[in-house]
Amino acid sequence: MAPPSNRRSGFSRRAQYTTFFGYAVGVLGAFVGGVLLLVSIVSPDFFSGLRSGGAAITEPVGGATARTRAAGNSVFETIEGYATSGQRVAKLKRELAEARRRLAKSNAISEENRRLRALLKLSTEDTEPVAVTRITASSASSSRRFATIGAGASDGIVRGMPVRSDLGLIGRVLEVGRGTAQVLLITDTASQVPVRRDKDSVAAFAQGRGDGTLQIRLIRLGINPLKVGDTFVTSGSGGLFHPGTPTAVVAELTRDGAIARVLADPANSSFVIVESISTLQLAEQETASDEEDGNTQPPQGE
Amino acid sequence: MKKPAKARVRSARGPRINRVPSPAIALSVPWVSIVIASMLAVVVVIASTPLMPPLGFMMFLAWRQLRPGLLPVWAGLPLGMIDDIFSGQPIGSAIFLWSIAAIALDVVEARLPWRNFLTEWLLAAGMLIAYIGGSLALANMAGAATPLWVTVPQIAISILVYPLFGRLVALFDRLRLTPFIELR
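Just so you know, the sequences run in chain order A and B. So for the first sequence, the working numbering puts the first residue at 1; every next one is plus one. So for the second sequence, the working numbering puts the first residue at 1; every next one is plus one.
Incorrect hints may appear among the rest.
[Said to hold, decoys possible] To give an idea of the interface, some chain B residues facing chain A are shown, with a C-beta separation under 8 Å as derived from the structure: (1) Val42; (2) Ile46; (3) Met52; (4) Leu71; (5) Gly134; (6) Ala145; (7) Thr178; (8) Phe180; (9) Ile181.
It should be emphasised that the hints constitute simulated quantities derived from the structure, not laboratory data. Keep in mind it's a predicted model, so treat the numbers as computed, not measured. Ideal Cβ positions, reconstructed from N, Cα and C, are used throughout, including at glycine.
So here's chain A without its partners, still in its complex pose (with noise of 0.2 Å):
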């Protein structure tokens, strides 16, 4: 099909001059572009209001397809679960044999652990969650991971506080609207959490990939002491995520780490949990907050 020639001014002087500013227009458009992304580059909050903004407005649809994002999981995990059960089944008893003689260790261990606690009279450090609420939109089509949580500042959400599911960590938040808050998921490429591995104590930092896991850098560099199937926790050290919280377990092994699959897929919780900030934080949030900010540039290779 031959174009269409409506876009000719001819000798009109009033199209020829519509023509004309509009592709002015366009140019300035690619300026303004540029000027703003400079700005977003340079201070990266400084347009977290409006961000804050165009969350609320999608938060009521995002709760609503939350909703069936969960039914639709279900489903599939449920005509998945048809095709594999056989071999489930089998593998859940030898688990199950297993797990009954850990649970029985554990039993042990944890009497023995409130014994000694009772001694030391350390009181258990058990966490208040400060909200519980769905995932209710993330960037998906872009290369950064961020999510928004139905919850903000009205909950008593505020920034730097951990963000995890029942199954494991998320992120922290990042930004925080009236109602509503950004995250930063731990899969984002500017995202380090210090974690140890959860049966010893071998540090490492989590950083995001950007395509779902983790590279799992050992803070003590040597031998490779990780194993495929190695589990890691949060360590709390820097104060900003409570120790212990489980995050990511080794799928294979690098020359100076592993990289790692999260345990809570963003996508399968139906439900997140913000807890507060480790207390050791607050003092130094303040001060160095710029530090904590998901937008610096991550330490280069090691």
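Chain B: place on chain A using the hints.
Only chain B this time, still in chain A's reference frame:
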């Protein structure tokens, strides 16, 4: 006495003679559909890897390809702003990229005036690759460090899904121009 049979031509979508499309709808449908697409990209899936095609940009591209000149060249400025607010990209990235895309599309169309399905799709594919790559580069400039290969599945999905957006825009375009306001 029975009602006289009115001399009215009925098409599948109701009577059309002596009716005009609503100018408000005819003008607003492209803008509204692009904004809705921008918002949908965020709420439909909670993704842990970038998989969702950039719906807003694809809708913008489809409208500009199907109806060149309907959206002004500067439409990327307001629409990109709205997309930026929702998408999680640094603010300004969609404004910049959409504006450039609109100008680039006009330049290409001036050079290659003949069009068919395949060339349009090829052009859109090139645009999508450039857009997703550009978005990644801008997000990385603003602090992330995502490698390029993470976006490869997203690029593939976007290119494959794009013809559906052409169909969708064609449907919207027919609805937009449906005459239903009676002239008296």
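Results for each hint:
1. Val42: 4 Å, holds
2. Ile46: 4 Å, holds
3. Met52: Met52/B check passes; min Cβ-Cβ to chain A is 4 Å, inside 8 Å.
4. Leu71: 10 Å, violated
5. Gly134: 11 Å, violated
6. Ala145: 4 Å, holds
7. Thr178: 20 Å, violated
8. Phe180: Violated - the Cβ of Phe180/B stays beyond 8 Å from chain A, reaching only about 24 Å at its closest.
9. Ile181: 24 Å, violated
Checked against the numbered hints above, the structure breaks hints 4, 5, 7, 8, 9 and satisfies the rest.
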